[in-house]
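Take a look at the letters that make up each chain.
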Amino acid sequence: MSESDIVKDFLVESAENLDRLDQELVGLEKNPTDRDMLASVFRTIHTIKGTCGFLGFNKLEKVAHVGESLLTLLRDGKLTLNPEITTALLHMVDAVRQMLSEIQSTGQDGNNEYLELIETLTRLQTPGAKGKKQAPAASAPIQPTQPSPQPAPPAPEIAPPPPPKMDSQAHTESSGQPVSAETRSRDAAAETIRVGVNVLDKLMTLVGELVLARNQLLQFSNSSEDANFLAISQRMNLIATELQEGVMKTRMQPIGNVWSQFPRTVRDVAVALGKEVEIEMEGKETELDKTIIEAIKDPLTHLVRNSVDHGIEPPEARVKAGKDRKGRLTLRAFHEGGQVNIEISDDGSGLDVERIRKKAVERAVVTAEQAARLGDREIFNLIFLPGFSTAEKVTNVSGRGVGMDVVKTNVEKIGGSVDVQSKKGQGTTVRVKIPLTLAIIPALVVTSGGDRFAIPQVNLTELVRLESDEVEKAIELVHGSPVYRLRGRLLPLVYLNKELRLETDDKTKAEQDGAVNIVVLQADERLFGLVVDVINDTEEIVVKPLRKQLKNVRTFAGASIMGDGKVALILDVMGLAQRASVITEVRDRNLAEKAAEAAERSGEKRTFLLFAGPDDARMAVPLDTLARLEEMPSSQVEKAGTQWVAQYRGKILALVNLAFALDERRTEPRNTKSFVSSNDADPIQVLVCNHEGNPVGLVVERIIDIVEDYATVKYPASRPGVLYSAVIQERVTELLDIPGILKAAGVGKAGELLPAEVVH
Amino acid sequence: MAQTRQFCTFYLDKLLFGVELQGVQEVMRYLEMTKVPLAPAVVSGLINLRGQIVTAVDLWRRLQFEDRLADTLPMNVVVRNEDGAVSLLVDEIGDVVEVDESSFERPPETLHGKIREMITGVHKLESCLMHVLDTAKACEMAVDAEPVGSD
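Protein chains in written order, with the working numbering: chain S, 1 to 760; chain C, 761 to 911.
Hints listed in this document are in silico derivations from the structure and should not be mistaken for laboratory results.
C-beta atoms are modelled at their ideal positions from N, C-alpha and C, and glycine is treated no differently.
Each hint should be verified, as a subset may be incorrect.
What the hints assert, rightly or not - Covered stretches of chain S (in silico footprint by chain C; criterion: 3 or more residues with CB under 8 angstroms from a CB of chain C, positions within the stretch not fixed):
1) 464–477
2) 634–645
To be verified - Using 27 angstroms as the maximum straight-line C-alpha spacing, the simulated BS3-like pairs for lysine-lysine come out as follows:
3) S:Lys424 - S:Lys413
4) C:Lys874 - S:Lys551
5) S:Lys498 - C:Lys795
6) C:Lys897 - S:Lys548
7) S:Lys323 - S:Lys202
8) S:Lys413 - C:Lys874
9) C:Lys874 - C:Lys884
10) S:Lys551 - C:Lys774
11) S:Lys498 - S:Lys551
12) S:Lys202 - S:Lys78
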């Protein structure tokens with residue numbers, strides 16, 4: 001850009017500014033203490049002054065300078081604007097405008113020194129000069145025009161100013177206040193702009209690239225001694241960092257955005273379940289990256305529903321337990337160590353350790369022996385395994401055992417962790433820890449086997465270096481597993497080289513000189529020491545996901561490009577810990593995966609009663625739909641009206657023979673004396689179930705067995721009275737629709753029968 | 761009018777292969793790779809392609825040829841797929857050829873081994889046959905492939 005271009009820009013810009021200045025000064029007169037407007041006026045003059053100095057327009061600079069000084073006093077509240085000062089300032093604006101037009105035509109700022117204007121402006125800066133001020137002030141307005149004719153040549157050109165002044169004043173007087181008000185509202189509207197997320201994403205990517213380039217530059221600058229270059233790269237570094245922060249900020253959203261829907265969710269669930277729940281929120285304003293907010297929305301919703309459904313007891317139970325009728329659900333969010341913690345706590349019944357333990361054994365998630373060994377905390381965390389639900393009843397809200405595992409998986413997918421704490425009778429707290437952002441993270445760079453690896457700083461707790469002479473004593477073995485005593489506690493050691501099957505090259509071995517570097521890491525609240533060859537440095541790294549070809553390699557969370565342009569892998573501390581069996585989740589996972597597979601096949605394992613129906617048909621009913629199994633001599637069967645009955649525990653038990661009930665054509669022979677077709681001498685097998693509060697007996701041919709199965713492969717029933725056919729113990733079995741049969745048989749008329757959930 | 765297609769060709773173990781030009785992002789000389797421990801053997805490593813991290817697939821291993829001889833450095837044919845870019849490591853880059861659709865033929869029934877799955881067929885060029893690589897197949901691998909010395 002040539003100098004004339006700069007001047008042109010300056011003129012255009014200044015002309016715009018001066019127009020605004022006129023309006024603002026008048027507006028100020030009406031509202032002399034408006035700081036914002038004063039500041040704006042000040043800035044305009046300041047800019048003009050600065051640019052003139054740069055371009056060498058000294059006279060203009062002088063005028064602007066005194067004006068600026070006066071404005072400083074006004075802005076700082078040391079002087080109050082009065083009409084006199086306003087006039088003087090307006091004159092100054094005129095003078096500036098004149099000089100600008102001079103510059104435009106001649107390239108010079110003219111010969112007029114505006115001494116008197118300068119003098120007036122200077123004099124007005126002393127508040128004490130009030131009395132004297134009156135007289136000169138009167139002359140001041142005239143003077144700018146008066147002295148101007150004196151310096152001969154520019155005189156004609158200076159004459160024009162009054163009209164524009166009049167013009168601007170007339171204009172502003174008519175609409176002064178509204179205009180400024182409008183200006184301000186426009187400013188307010190301009191404070192927020194809707195920007196497409198894709199634009200932000202693009203920016204983020206670019207900033208990522210910039211950070212990479214910056215890292216490369218810094219690396220390069222280390223080997224340079226050129227002071228200039230160093231200074232520039234230093235500046236570049238600062239700017240890139242600030243830009244990165246700025247762009248990251250654009251993507252930040254308060255967690256309140258997600259939470260805002262929870263009061264409604266809680267209310268709905270609570271009303272559906274007849275509970276009373278109050279929701280409290282702390283730390284709504286905690287900010288998180290947009291992508292993370294989106295990713296945690298569903299898990300959080302699930303946790304909240306879960307708390308209301310399982311955590312908080314019905315009002316009566318609460319009152320009985322000496323608690324407030326109203327349950328309390330508290331959401332808290334806060335920053336801690338570069339992570340965001342979100343806590344969802346309820347003051348409900350808490351988790352029942354024993355029940356979970358029992359369930360875990362039942363579901364074969366752990367063996368009884370393992371279960372006995374697990375601590376409370378570990379037991380609690382079992383609820384995050386697939387297919388695990390301790391809810392006694394399956395409600396439409398939750399309790400199907402899908403959910404908590406999904407919560408965990410989703411949270412872990414974004415590099416977070418979930419932990420649950422509970423006290424029986426006092427409530428449960430689920431804590432979700434998630435990183436602030438996914439895109440750019442601080443990481444520790446280490447070298448092992450000649451390759452570099454980045455370890456996210458969030459997982460890092462400390463670094464320990466053992467010199468060669470300490471190593472032997474410091475690293476002990478617990479039956480072959482190396483440990484290190486870290487402040488009195490045993491820290492299991494994991495050798496990165498061994499875990500990743502890397503080879504330590506001789507060079508680093510020599511450099512290390514037998515010393516051992518331990519990176520103390522935290523995975524799932526458990527500490528372990530990762531032994532690496534070299535600890536390099538911490539660096540801001542840009543996380544790039546691994547392609548699907550490498551998705552199965554769970555020890556890596558992604559990759560990043562380092563300062564030298566090479567790619568380094570980012571360790572997934574959780575995955576690594578699992579691989580090294582620091583946390584036992586691998587085993588749990590395997591079991592869990594099996595369970596999930598099974599759960600996928602059917603929902604869950606159920607216990608069925610297998611029996612032979614008419615014509616030796618293989619039939620079954622879920623055991624939990626039955627009250628008892630009875631065997632009674634057929635002689636005990638009596639007839640009451642048209643209904644076969646038997647005396648049973650002091651009550652009359654209505655009997656239905658399945659053989660008749662199932663086959664519509666074979667209606668029950670009402671007149672026959674014999675109720676059962678088989679030999680009268682044989683005892684009959686009765687399945688007793690509760691039907692509308694009364695026991696009803698279903699007579700079957702023969703009871704085969706009680707089995708556990710998933711009863712998965714289903715196909716529709718071929719006859720009434722049968723819900724569906726399923727494969728139980730690898731044989732096709734008909735699942736009986738007891739309520740349907742009883743209804744068809746005319747036992748009890750009314751509608752609500754056994755829970756229909758038997759079916760699914 | 762017979763349709764013509766353009767192929768980017770390269771050599772693997774002296775055989776001429778081709779991938780459709782449309783799917784090729786670029787062709788690069790040898791680029792330094794970062795090994796990925798525990799990864800499937802067919803993944804040679806990760807490459808920094810101007811700020812983009814690209815997985816490099818060893819086609820020799822993928823096609824179950826013997827291991828590549830280490831005397832020359834492999835070159836990269838970077839192809840795009842729905843998951844991003846993948847670099848196919850090849851011995852040498854050939855020309856871009858334009859072939860007539862009519863010269864295409866399915867692989868002969870007598871062809872066995874992994875290569876049968878990996879090629880859709882051959883184009884009969886004047887001087888030799890060009891094996892048309894199914895890039896999607898070639899890239900999808902790894903997912904099912906055995907990791908290096910799995911436990």
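Checked hints:
1. 464–477: violated (count 0)
2. 634–645: It is violated, with 0 qualifying residues against the three required.
3. S:Lys424 - S:Lys413: With Cα atoms ~30 angstroms apart, lysine 424 (chain S) and lysine 413 (chain S) exceed 27 angstroms; violated.
4. C:Lys874 - S:Lys551: holds (23 angstroms)
5. S:Lys498 - C:Lys795: holds (16 angstroms)
6. C:Lys897 - S:Lys548: holds (13 angstroms)
7. S:Lys323 - S:Lys202: Since the Cα atoms of lysine 323 (chain S) and lysine 202 (chain S) sit roughly 53 angstroms apart, the hinted pair is violated (cutoff 27 angstroms).
8. S:Lys413 - C:Lys874: violated (34 angstroms)
9. C:Lys874 - C:Lys884: holds (21 angstroms)
10. S:Lys551 - C:Lys774: Violated, because 32 angstroms separates the two Cα atoms, which is more than 27 angstroms.
11. S:Lys498 - S:Lys551: holds (21 angstroms)
12. S:Lys202 - S:Lys78: With a Cα-Cα distance of about 48 angstroms, the restraint between lysine 202 (chain S) and lysine 78 (chain S) is violated, given a limit of 27 angstroms.
In terms of the numbered hints stated before, the structure departs from hints 1, 2, 3, 7, 8, 10, 12, listed from lowest to highest.
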